[in-house]
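Using the hints, position chain B against chain A.
For the record, the sequence lines run as chains A and B.
Counting in the working numbering, the first sequence runs from 213 upward without gaps.
Counting in the working numbering, the second sequence runs from 213 upward without gaps.
One thing to keep in mind: the hints can contain errors.
For chains that are exact copies, the list does not tell them apart, and a pair is met inside one copy or across any two.
With a straight-line cut-off of 27 Å between C-alpha atoms, the simulated DSS-like cross-links for lysine-lysine are [as the list claims (entries may be wrong)]: (1) 518 / 441; (2) 428 / 306; (3) 438 / 306; (4) 542 / 445.
It should be emphasised that the hints constitute simulated quantities derived from the structure, not laboratory data.
Since the model is a prediction, treat every value here as computed from it, not as a measurement.
Number of protein chains: 2
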Amino acid sequence: MYKRRLFTPGPTPIPEHVMLKMAEPIIHHRSPEFNEILTRVNENLKYLFQTAQPVLTLTSSGTGGVESTFVSLFSPEDTIIAVNGGKFGERWVKMPRTLGLNVIEIKVEWGKAPTREQIEKALRENPTAKAIYLTHSETSTGTATDVKSLAKIIRNNSTALVCVDGITAIGAHELRFDEWGIDVCVTGSQKGLMIPPGLAFVALSQRAIAAMETSKLPKFYFDLRKALKSYKKNDTPWTPAVSLIIAVDAALQMIRTEGIENIWRRHERMAHAVRAGAAAMGLKIFSDSPSYAVTPVWVPDNVEWKQFNKILKNTYGITVAGGQDDYSGKIFRISHLGYYDELDIVTAVAAIERTLFDCGWKFDIGAGVRAVQEYFTGGK
Amino acid sequence: MYKRRLFTPGPTPIPEHVMLKMAEPIIHHRSPEFNEILTRVNENLKYLFQTAQPVLTLTSSGTGGVESTFVSLFSPEDTIIAVNGGKFGERWVKMPRTLGLNVIEIKVEWGKAPTREQIEKALRENPTAKAIYLTHSETSTGTATDVKSLAKIIRNNSTALVCVDGITAIGAHELRFDEWGIDVCVTGSQKGLMIPPGLAFVALSQRAIAAMETSKLPKFYFDLRKALKSYKKNDTPWTPAVSLIIAVDAALQMIRTEGIENIWRRHERMAHAVRAGAAAMGLKIFSDSPSYAVTPVWVPDNVEWKQFNKILKNTYGITVAGGQDDYSGKIFRISHLGYYDELDIVTAVAAIERTLFDCGWKFDIGAGVRAVQEYFTGGK
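Here chain A stands alone, though its shape is the one from the complex:
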């Protein structure tokens, strides 16, 4: 039997009853039935982001969701600051430049999070900056940023909008949009929300909504003013991805039932368990500030990534993510974002353990899964 299991940071596995929702006959998007679904989705998205403000749903990938915030909030030549500590941070530098903004880049070494000092310096040197973009969980490096602390620093030292790429963070890391003073937060559907890719979600503060009024960058499909106007009637300006909205409705109901604090705690525990398992097998964690969504691990010496990945996938059916750019072949990333429980972590570590064994890596077989069990039970 060849059983597949996905441990990638998006798409993440979809709960079985949510998959079945997408197999139901389609309904029309301008109908009372769909309006009822979107009303519930809109309400539950506020819970997910811990906000009383609107959270808009767009039909696009997360990248499209982030683009919507640039084109809808800013004008040509506006200065914004963006943190680049990986493939996604890099994109949030390139994209606004391409769209006509003046982008101040805070370059951060891969595997490190931006520091308080870096943010303060950038704000001091660019007092006219309209916004700072932070990546809460940088998927490419498995590195988390302390959004709570940095948001406070930004709020205390400037009028810049606090904009957060929450694409692989929402649902894994604590995020309190209103309480922390965040202005913009974007996520995608194929991450903590546990459904297929195709939807982006954008939370907006009143300051962000006010910025939209004076924004002059050209926009149409991604015009959040249009989206906000429709949102107020629980509608969308363009035909939405109906089946994905029906799926996210079911997923959000699961999230409410489990409770967002419990979900954050579950992810934190799963991340710590993976790290404990990795350490017990002699693997080193790549990042200084590892994410709760995805754990980045150095490929050990004497193990060849391609062979490792082939065995992991073909023999054990497990898909993880490799390293990117300079870290291709050097690190790999184990995702535990979304529809995973503690036993899934045992499974992932067990498969990695067997693969390392097959690759001839010298270690105490069984140490990985035992460390996971010890972490979860608190025993030793």
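Relative to chain A, chain B alone:
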């Protein structure tokens, strides 16, 4: 028993085995399995558009697909000509204006198609026009444009790119992208392709691809140069809507099996059958040039649209589309685009017939379905 049936021009009904495809466990979009699917989709999309040129797949609604063509092919202040004969044509005037283009509008009365003379005049008066946008099937009015003839006129009289909104036309109306000299054609997933909304498809001629090289409008998510570059490796620049691509793969295989000419013929026959049924019940067709995708019908005198629609929906489970703007309450639109066969047309006409009867409309009950049967059999 309350059985629902959708006769709306998008979303259209989804074949049962295609629905089930979307209930399968998700796979990663950077994997050999997904690459194989996208390779087949890319090949079959060429067949659908009858082209040897690339057909790009974007994660967005059809509106996003059309936007991608404006931002990717043109530069600020470029002149384009757009035909506005309904809600969608109107959007293809507003959108490029908002994005910074100089738009010459050919205003066409609702329910009429643009004439040869209107196109020739616009070309004569605007010799620098970079493109003309035509709506093949204007959904809001159920009106078809003779793209084949107009494309020839445009090609013979100018260097303007022939750009076609094929959103509700592809799969219903004959369209031969290469043979007819079309440069750009866009469709959406929830139309003739029979899957849920969330994907747009953009076919591009070599002239259109050449235009992309000099285009200066700002773009990122909708940059078709990026999409084309990835397309060549059967990949996408951003995370695609994986489950919808898996669905469209199955739908395209159905389309190949039936054969595109057969599909066009089926739609033509279904449209004629609906018109025959409508006429037999004493209903008048709204358009001078009715579409094969959707038939627009005047709400008869003494019948109140709201009551009619309520009975049709609540008693007979049938959803059709109402009129828009000035025609709200005055016309309604019966869709026969996508997954419909001849017996479905009997069903739709039977339900409309019973609803008219319930509304007190005076006619020979049974005449509608008889006319449909006569049309299909050629008998009388």
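Within, between, both or neither: how does the pair residue 518, residue 441 come out at a Cα-Cα threshold of 27 Å? between (50 Å within a copy, 26 Å between copies)
Same-copy or cross-copy closeness of residue 428 to residue 306 [CA-CA at most 27 Å]: Classified as both: same-chain Cα gap 19 Å, cross-chain 16 Å, threshold 27 Å.
Homomeric proximity label, residue 438 with residue 306: Cα distance no greater than 27 Å: Result: close both inside a copy and across copies, 25 Å intra and 13 Å inter.
With identical chains, the pair residue 542 and residue 445 could be close in the same copy or across copies; at 27 Å between alpha carbons, which is it: within, between, both, or neither? Close across copies (24 Å), not inside one copy (49 Å); limit 27 Å.
Hint compliance for this structure: no hint is broken.
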